[in-house]
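If you want the building blocks of each chain, they are given just below.
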Amino acid sequence: MIHNLRADTVTIRGHGDDEIEAYLAVPTDVASHGSIVVIHHLPGYDETTKEITRRFAAHGYAALMPNLYHREAPGADSDDAAALVRNSGGVPDERLVGDVAGAMTYLKALPASNGKVASIGYCSGGRQSFLSGCRLPLDGVIDCYGAFVVGTAPETFPIRVTPVVDEVAGISGEILGLFGAEDKFPSPEQNDELAEALRAAQKTFTFRTYENAGHAFFASNRPSYRVEAANEGWQEIFEFLKRTVG
Amino acid sequence: MSMCTYQTQTLQVNASAKTAQGWAPMTDASVYFDHPVHFMADHALIIDVLNTDERSRARVGLEMDATSARALAEAILRALESVPPALRDESFAH
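Taken in order, these protein sequences are the chains called V and F. Just so we're aligned, residue 1 is where the first sequence starts under our numbering, counting upward by one. Just so we're aligned, residue 1 is where the second sequence starts under our numbering, counting upward by one.
Don't read these hints as lab results, they were simulated from the structure. It is possible that some hints are incorrect.
On the chain F side, residues computed to face chain V include the following (Cβ under 10 Å) [said to hold, decoys possible]:
1. Val-37
2. Ala-41
3. Ser-82
Anything over 10 Å on all C-beta distances counts as not near chain V; from chain F, calculated [claimed, not checked]:
4. Leu-50
5. Arg-57
6. Leu-77
7. Arg-88
Ideal Cβ placement from N, Cα and C applies to all residues, glycine included.
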């Protein structure tokens, strides 16, 4: 069933109690719903990630995407904000986790919330979703091709990315990883290494690696889009949400 | 091959650029090879020229294929090398 929905720009309290912009989509024809925090990719709080946020609401989940670049460039076009943040070295992990925590609090306080919250992120947001799952009590964590969950970024990379695999013990919910077989960051070998770490920590996880797909295969407005991988991936996502947040 | 590089060269610049809001002084630049926003390829050479001052933030972006980027870089160097040093000195802003 495709639900009716409402989508708005809202203000939430993020890391350090800062007020930041966020995009909220909620189903309007359900008595109760699970929720998901949507973590945008490195190119920012953009139109296509807002479409993704609405898609969750159409499937019966409240979805909230914090603008992780709001502090650096309030009101700027998403690509301009992303360029400024990239030039300044990216979003610090501690701030990201604080913003996701703020989004969780906002979602749990919605009138029809069932109290359960998952996270999903794409590209750099995939790593950030995983990191959030290590540090916050998320009921489900979805990592879409996040680089540097394992594997160390070269020292010349000025974006602040460090591996988070050492923090897997902190994960409390189930994990879903969706990857492209042709991706190099993360590579299939790195995903195997992550799977091994999750097995060793006795975490519940599902990894899917799609053939003929590389990085950003969900990005429907880019040449990297792969319709078969994206369709199968969306199906995995909705099955995962049903069993983790209801 | 598909990947997300995160690789970024950053530098300070003394420049002006015409942005969506008109001409503006620019302070910084980023150069990287990663996923473009508009150019229809998986990867591109991207140049952002920025004003990072929070009171006057601005940005101009360029996305191009590797051949174009190399040709542009070489053309810039040829243009600089083809003029007398005294003229280059006159490019420093007052």
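Non-conforming hints, listed in increasing numerical order:
Hint check: 3, 4 and 5 fail, others pass.
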